[in-house]
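**Student:** The task is simple: from the sequences and hints, build the whole structure.
The sequence shown runs 0 to 404 under numbering that gives the first Met the number 0.
Mixed in with the good hints, there may be bad ones.
Here are the computed lysine-lysine pairs in the DSS-like style, where the Cα-Cα straight-line distance is at most 30 Å [claimed, not checked]:
hint, residue 1, residue 2
1, Lys109, Lys313
2, Lys191, Lys316
3, Lys251, Lys190
4, Lys120, Lys103
5, Lys109, Lys251
6, Lys193, Lys316
7, Lys313, Lys255
8, Lys90, Lys51
9, Lys193, Lys366
10, Lys372, Lys313
11, Lys103, Lys51
12, Lys224, Lys191
13, Lys316, Lys251
Since the hints were made in silico from the structure, they are not lab data.
It should be emphasised that the depicted structure is a prediction, and the values quoted were computed from it without experimental measurement.
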Amino acid sequence: MIQKLLLIFLVLISLHSIGQETSYSGDPDASFFTARDLAFAGNRASARDTLKRILAKYPDYADVRNLLAKTYSWDEEYDAARLEFNRVTSKERKNSEAWIGSIKNEQYAKNYLIALGLANKALMYLPENQELAVLKQEIEQQIGDQQLLQNRLKDTKLEDESTQAFTFYTEAEVFDRELDPMYYGALEYQKKTKWGVLIPRLNYNRRFNINGVQAEVDAYPRFSKSLSGYLNYGYSGDPIFPKHRMGGELVKELPKAMEASLGFRHLVFENDAATILTGTFGLYRGNYYAVLRPYMVPDARKGLGISGNLLVRKYLKDGNNYWGVNLVYGFDTELNQFIVNGQLLAETLLYLESQRLRLEYQFTNKKGNNQYKANLGVNRQELAFSSGNFFVSVTAGIAYQVKFR
0 MIQKLLLIFL VLISLHSIGQ ETSYSGDPDA SFFTARDLAF AGNRASARDT
50 LKRILAKYPD YADVRNLLAK TYSWDEEYDA ARLEFNRVTS KERKNSEAWI
100 GSIKNEQYAK NYLIALGLAN KALMYLPENQ ELAVLKQEIE QQIGDQQLLQ
150 NRLKDTKLED ESTQAFTFYT EAEVFDRELD PMYYGALEYQ KKTKWGVLIP
200 RLNYNRRFNI NGVQAEVDAY PRFSKSLSGY LNYGYSGDPI FPKHRMGGEL
250 VKELPKAMEA SLGFRHLVFE NDAATILTGT FGLYRGNYYA VLRPYMVPDA
300 RKGLGISGNL LVRKYLKDGN NYWGVNLVYG FDTELNQFIV NGQLLAETLL
350 YLESQRLRLE YQFTNKKGNN QYKANLGVNR QELAFSSGNF FVSVTAGIAY
400 QVKFR
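**Tutor:** Right, here's the structure in full:
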């Protein structure tokens with residue numbers, strides 16, 4: 000009986016040893032480098048198999064566990080990554096690689112407050128680590144961006160209670176040369192619907208003692224949470240406006256509080272037409288929003304007209320209250336037409352050099368149902384009838400909007 004028990008015991012030990020050798024029997028360092036190459040080449044599943052086999056025999060091999068955690072994080076398996084990183088940082092308090100990987104894992108998962116807490120904890124053990132300090136600043140910026148976006152979403156929800164609005168806008172422009180002042184005005188109605196926003200508008204201009212009216216409509220359809228659009232059509236029978244004005248644009252929200260768009264504008268004059276290609280790239284950082292919009296006018300006869308528009312805003316208590324500055328350089332996209340030899344030549348103006356600086360301030364009343372906006376600008380533009388000569392003008396405008404259900 001004793002001999003049989005001893006034989007069974009020896010067989011079990013042998014099987015256990017064989018099992019261990021089957022699970023892992025190689026050089027852990029060499030296997031680690033092989034797994035790392037596999038992971039960086041995109042074969043993360045194979046890399047994980049090797050890393051797990053190493054850890055079965057060497058559970059405290061921190062570099063192996065860090066790499067295993069990273070492969071989970073890269074595949075958006077954030078919970079699994081968190082578990083592996085925690086196993087390292089709970090034993091090795093000064094393992095900077097594990098702390099940084101753990102923090103970035105929470106960033107990828109958009110758990111910015113957790114990431115900030117981990118960064119603060121890591122800096123307790125590694126106070127001189129510059130990479131951790133920079134990472135903490137980055138997270139604080141991300142938290143600010145997230146809070147701003149949440150405020151903007153909150154503003155949108157509040158505005159949804161007011162589904163309609165009327166806006167009145169007026170502006171005057173005076174010149175440093177013997178040109179009569181120009182006056183601009185607009186009256187628009189805004190209606191929010193399930194599919195987006197519709198804005199019919201009536202524009203009035205007075206230039207060179209010529210009065211003109213233009214009717215147009217803007218539509219802002221929303222196709223999904225991250226994709227929206229812009230459509231425009233305008234018509235006027237007066238010479239100081241294009242006869243037809245059309246436009247379209249697609250706007251895509253991007254990760255990390257960014258957005259981009261592509262679109263066009265098409266203007267039809269009495270004897271000519273022009274197509275303007277445009278787009279935007281915008282980003283939110285803290286309470287700031289910046290967007291760059293280039294314009295390009297391809298024309299076989301006149302060449303390529305190029306312009307750039309940079310808008311920067313600082314939001315105050317919410318998305319409806321802000322300071323802003325708008326810079327324009329290139330051709331004049333505002334279509335401030337001029338008379339050449341007694342004839343109004345709108346079609347030439349997309350190729351006149353122009354620079355504009357405009358300051359804006361928008362604010363609301365306490366209830367948020369009334370909105371006010373003021374702007375002040377300085378403009379420098381080439382004269383249509385005297386190439387190379389410029390005029391300077393100053394513009395000032397105000398707008399008032401009332402919201403209601």
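**Student:** Indicate, hint by hint, whether the structure satisfies it.
**Tutor:** To see whether the hints hold, each was checked on the structure:
no.: 1; hint: Lys109 x Lys313; verdict: 24 Å, holds
no.: 2; hint: Lys191 x Lys316; verdict: 23 Å, holds
no.: 3; hint: Lys251 x Lys190; verdict: 22 Å, holds
no.: 4; hint: Lys120 x Lys103; verdict: 14 Å, holds
no.: 5; hint: Lys109 x Lys251; verdict: 20 Å, holds
no.: 6; hint: Lys193 x Lys316; verdict: 27 Å, holds
no.: 7; hint: Lys313 x Lys255; verdict: 18 Å, holds
no.: 8; hint: Lys90 x Lys51; verdict: 19 Å, holds
no.: 9; hint: Lys193 x Lys366; verdict: 24 Å, holds
no.: 10; hint: Lys372 x Lys313; verdict: 14 Å, holds
no.: 11; hint: Lys103 x Lys51; verdict: 22 Å, holds
no.: 12; hint: Lys224 x Lys191; verdict: 16 Å, holds
no.: 13; hint: Lys316 x Lys251; verdict: 26 Å, holds
Going through the hint list in order, the structure satisfies each hint without exception.
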